[in-house]
Amino acid sequence: MPIANHHSSVPVIVDEDKCIADKGCTVCIDVCPLDVLWINEETGKAHMKYDECWYCMPCEADCPTDAVTVNIPYLLR
Amino acid sequence: MKTYDDPELQAIAVKLTSEDPGIRRVAVMDLVDSGEPEAVELVIQALNDPDTNVRQEAAKVVDEFEAADMADALIAALSDNDEVVRNSAAHALADLKDPAAAAPLLEALESSTDGFVVSGILRALKPLRNPGSQRPALKRLGDEDPRVRREAVAVIGWLKQPENLPALVETAQHDKDPEVRRAATGALVYASPQQVGQALIALLKDEHWQVRCEAANSIGKLDHQEAVQALMESTRDELWQVREKAVDALGKLGSTDAIPVLGECSKDAMSNLRKAAIGALGTIAHSDGRPFVVTALDDPDPDVRKLARWAISKLDAAA
Amino acid sequence: MKINDIPVIETDVLVIGGGTAGPMAAVTAKEQDPGLNVMLLEKANVKRSGAISMGMDGLNNAVVPGHATPEQYVKEITIANDGIVHQPALMAYATRSFPMIEKLDSWGVHFQKDETGDYDMKKVHHLGTYVLPMPEGHNVKKILYRRLRRNRVQIENRYTATRLLKDPDGKIAGMIGVNTRTAEPIIIRAKAVIMATGAAGRLGLPTSGYLFGTYENPANNGDGHAMAYHAGADLANLECFQVNPLLKDYNGPACAYVTGPLGGFTANAFGERFIECDYWSGQMMLEFFKELESGTGPVFLKLDHLAEETIQEIETVLHTNERPTRGRFHEGRDVNYRQRMVEMHISEVGFCSGHSASGVWTDETGATTVPGLYCAGDMASVAHNYMLGAFVYGQICGESAVEFVKSRSEPELDEDFIIRELERIQAPMKRADGIPPEQMEYKVRRLVNDYLQPPKVTKKMEIGLERILAVREDVPQLCARDPHELLRAMEVQSIIDCAEMAARASLYRTESRWGLYHYRVDFPDQDDGEWFYHSRLFKDEDGQMASGKRPIADYLVSLGEEKDAYRKMRVQKAANE
Numbered sequence: 029m030p031i032a033n034h035h036s037s038v039p040v041i042v043d044e045d046k047c048i049a050d051k052g053c054t055v056c057i058d059v060c061p062l063d064v065l066w067i068n069e070e071t072g073k074a075h076m077k078y079d080e081c082w083y084c085m086p087c088e089a090d091c092p093t094d095a096v097t098v099n100i101p102y103l104l105r
Numbered sequence: 038m039k040t041y042d043d044p045e046l047q048a049i050a051v052k053l054t055s056e057d058p059g060i061r062r063v064a065v066m067d068l069v070d071s072g073e074p075e076a077v078e079l080v081i082q083a084l085n086d087p088d089t090n091v092r093q094e095a096a097k098v099v100d101e102f103e104a105a106d107m108a109d110a111l112i113a114a115l116s117d118n119d120e121v122v123r124n125s126a127a128h129a130l131a132d133l134k135d136p137a138a139a140a141p142l143l144e145a146l147e148s149s150t151d152g153f154v155v156s157g158i159l160r161a162l163k164p165l166r167n168p169g170s171q172r173p174a175l176k177r178l179g180d181e182d183p184r185v186r187r188e189a190v191a192v193i194g195w196l197k198q199p200e201n202l203p204a205l206v207e208t209a210q211h212d213k214d215p216e217v218r219r220a221a222t223g224a225l226v227y228a229s230p231q232q233v234g235q236a237l238i239a240l241l242k243d244e245h246w247q248v249r250c251e252a253a254n255s256i257g258k259l260d261h262q263e264a265v266q267a268l269m270e271s272t273r274d275e276l277w278q279v280r281e282k283a284v285d286a287l288g289k290l291g292s293t294d295a296i297p298v299l300g301e302c303s304k305d306a307m308s309n310l311r312k313a314a315i316g317a318l319g320t321i322a323h324s325d326g327r328p329f330v331v332t333a334l335d336d337p338d339p340d341v342r343k344l345a346r347w348a349i350s351k352l353d354a355a356a
Numbered sequence: 025m026k027i028n029d030i031p032v033i034e035t036d037v038l039v040i041g042g043g044t045a046g047p048m049a050a051v052t053a054k055e056q057d058p059g060l061n062v063m064l065l066e067k068a069n070v071k072r073s074g075a076i077s078m079g080m081d082g083l084n085n086a087v088v089p090g091h092a093t094p095e096q097y098v099k100e101i102t103i104a105n106d107g108i109v110h111q112p113a114l115m116a117y118a119t120r121s122f123p124m125i126e127k128l129d130s131w132g133v134h135f136q137k138d139e140t141g142d143y144d145m146k147k148v149h150h151l152g153t154y155v156l157p158m159p160e161g162h163n164v165k166k167i168l169y170r171r172l173r174r175n176r177v178q179i180e181n182r183y184t185a186t187r188l189l190k191d192p193d194g195k196i197a198g199m200i201g202v203n204t205r206t207a208e209p210i211i212i213r214a215k216a217v218i219m220a221t222g223a224a225g226r227l228g229l230p231t232s233g234y235l236f237g238t239y240e241n242p243a244n245n246g247d248g249h250a251m252a253y254h255a256g257a258d259l260a261n262l263e264c265f266q267v268n269p270l271l272k273d274y275n276g277p278a279c280a281y282v283t284g285p286l287g288g289f290t291a292n293a294f295g296e297r298f299i300e301c302d303y304w305s306g307q308m309m310l311e312f313f314k315e316l317e318s319g320t321g322p323v324f325l326k327l328d329h330l331a332e333e334t335i336q337e338i339e340t341v342l343h344t345n346e347r348p349t350r351g352r353f354h355e356g357r358d359v360n361y362r363q364r365m366v367e368m369h370i371s372e373v374g375f376c377s378g379h380s381a382s383g384v385w386t387d388e389t390g391a392t393t394v395p396g397l398y399c400a401g402d403m404a405s406v407a408h409n410y411m412l413g414a415f416v417y418g419q420i421c422g423e424s425a426v427e428f429v430k431s432r433s434e435p436e437l438d439e440d441f442i443i444r445e446l447e448r449i450q451a452p453m454k455r456a457d458g459i460p461p462e463q464m465e466y467k468v469r470r471l472v473n474d475y476l477q478p479p480k481v482t483k484k485m486e487i488g489l490e491r492i493l494a495v496r497e498d499v500p501q502l503c504a505r506d507p508h509e510l511l512r513a514m515e516v517q518s519i520i521d522c523a524e525m526a527a528r529a530s531l532y533r534t535e536s537r538w539g540l541y542h543y544r545v546d547f548p549d550q551d552d553g554e555w556f557y558h559s560r561l562f563k564d565e566d567g568q569m570a571s572g573k574r575p576i577a578d579y580l581v582s583l584g585e586e587k588d589a590y591r592k593m594r595v596q597k598a599a600n601e
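Protein chains in written order, with my numbering: chain A, 29 to 105; chain B, 38 to 356; chain C, 25 to 601.
Chain A extracted, bound-state conformation (with noise of 0.2 Å):
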């Protein structure tokens, strides 16, 4: 059976331009629960790859530089 890719409007949101990935930090990945957050290839920085979120906000409180925004899945909102 083929599968077919489809597109979700995922929860968190990262501020590039704060977000320390490059410099080393993992933190907002490293404190996910679900594992959703991934560094992106093409920019070195964090971002939500997977829409599978608990909207729990580990994320956000730990990042060091604010640059993480956690927002209530679209279907719950």
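There's no promise every hint is true.
Stated by the list, open to error - Covered, in the sense of this in silico footprint (three residues per stretch, anywhere, with C-beta under 8 Å from a C-beta of chain B), are these stretches of chain C:
no., stretch
1, 162 to 169
2, 566 to 580
What the hints assert, rightly or not - A few chain B residues facing chain C, derived, Cβ under 7 Å:
no., residue
3, Y41
4, G72
5, E101
6, D132
7, A224
8, E263
The hints are simulated quantities; they were obtained by calculation from the structure and are not laboratory data. Even for Gly, the Cβ is constructed at its ideal location relative to N, Cα and C.
Position chains B and C against the provided structure of chain A, taking the given hints into account.
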């Protein structure tokens, strides 16, 4: 530069010497994962970093460590020009809970004047219950900063020393700040009713409702029987929250004289108050209260009905 | 030693799950014997994993001297669970409850204290006083992490366990699992294993339709329940589902324990209280459910009668602890506690002993029915354990495991079993096309909602079981494009196991009990003659899922008058009509 046996800690130490404050900052974050006791040294080093962001990061991780030898560095950080650093240091200090930290804290208290710094130190001293904190805390009851006075009250409350009661009573009755008065009113519960009873009764008339609630609460905890009349008056307070606490206290005091006013409260429009009144009548368990309880068996609010059924069982048992 | 070129890691005590109970178990094992190797394996990262990743706003079941006694607590929980409890396990919790609070306090966990430094207990229930607020309880995980490092527990993050390993003589021997980022398998030989993998919270589908918008942390998807089952451990009372009141759509707790002592309450559309039941129980949930469906529904959290200062206090606690995005959710809908009531609903179903009573059968020593395997927290069968119970049972398991290890010989590994399990783990990534885990998960969880969610109907549950088994047939088609999807592919297999267990356990108990949790419309009455037992669910000798009864151990505390007092606080015969 000192070298460390643990390779991970060594790598962090190297990164902390980087020219780039961003890399130093990330290095500080990595310290959290180190189980090495020596990691504390590097945290202290970072607390003195020239870059504000690095210091902030260090202040954020201090509570991941629990060494009393960090107390000095934390106290110094209370005077940092950055608010985030100051705040984190104050919180970390309060969590130290190490008796050995008392001496440096007291020393720092002596020489501190900034309200934020002083209240941070007092907060840290409070759980240590060190007798040496009594004198400076009493002195700070007269501080002009309400945050300081509030923490001073807490230090004194936790010490539970009878000789401090006059000062606490004075603060409870006359401090300008309602939160300070409320805290002092709550702290009076380590006294005997003879020592603070009159003051607590007067506090039932405080202009701020939260102080009045606290006074009723403290009277209940102290079982101050002579306060029945005053509490009965408080069951007509303009705020239901105060009425509720007064009713609770009357229940604790077991006062049969209060049954008629409790009966009135059991018909109040606010269900939380009706609930408290029926609870109190059940606790008192005197037959005079039975008619009110029986009526409450049909109250529209199920919590009131539940308590009425429970109160009936108390009345039956007492009969 | 290597199997299929994979080095076997050796440890004395292995803890699976780094949330609440797990870290406590690991730290305790080290405290008992610092010479032991203790490894803590976590699917996410122990810094922020599990149910309390953002802290906890209060204890619901603190048994503090002067406010409640262990005997009274045991009585109340027994009654709240309609008698189906293992009292020795409740008593073990109750007697250790206060020492654990003291221990956590000395570690720096913030409990609310009065102005003289005494614990500031709040009375929420009518009989005993068990609530201890933690308005500054956001640092619990930090403190646990600190303790883990200080005691030199070896931490392995981002590994999910997939199967437990056993000796030929039936004792636990370790586990096999996989790295969630690299898909590299891991084999661990251990002399004792403590499982603390949390609730099975990804069983039902939330009403929002968002797979991960669950009441429980969705990382808690029932891996432990499935692994225990496959290892031959007994599970107990799985039909006693967890269903919780929550903020609608947000799906986070409404926190009656936070707002109750401050005067807030659960109300119907007219702002009136309606809950008759006193203790958090299935009975209470049934009343909630009925109100939701009634003409006076739906249900709300009412705070708009409180003073400004009180509302600010509530906001501070609710918006900084446990589920801090609550404030953001309300903001998005323009809901202000001061002005209007907040709509509530009930959660999807799950297995969680924190609030109900189902899970891997665990006795008062934390032992399961597999020698050397211990279990703590939301996945263990000790009723109404909440966070403090997870800590206490983590401690008990840590002690028991250390004791077990003392006389334990070197475990022998079953290489054939391991090789077969490696094949199962690697299969989804070897398939180029097939069914993505997300689709399979949606399907099986939707079936749970359609057929197993109470009120339960026999014929519906039979159809549900048939459909769930049909999804199981599709497992060989599961495909994963990367290690992350592989994690989800392994998880969905646990979810399917849990769904089948939920169906079979619910069909087995032909009575209604625990209010809404096991409300069978066609068996509306509680039948103590036939069903005053724990139900068992286990893998039989033929590898089939089987059910049975386990007698209730003699009560340590008889219910006596209190039973009547409690009954008086219930609506008569409210239950199943």
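Structure-based check of each hint:
1. 162 to 169: This one holds; 3 residues, not fewer than the three required, reach chain B with a Cβ under 8 Å.
2. 566 to 580: violated (count 0)
3. Y41: Nearest chain C Cβ about 16 Å off; hint violated.
4. G72: Constraint on B:G72 satisfied, holds at 4 Å.
5. E101: Result: holds, 6 Å to nearest chain C Cβ.
6. D132: holds, 4 Å
7. A224: Interface hint status for B:A224: holds (4 Å vs cutoff 7 Å).
8. E263: violated, 22 Å
When held up to the earlier numbered hints, the structure conflicts with 2, 3 and 8 and fits the remainder.
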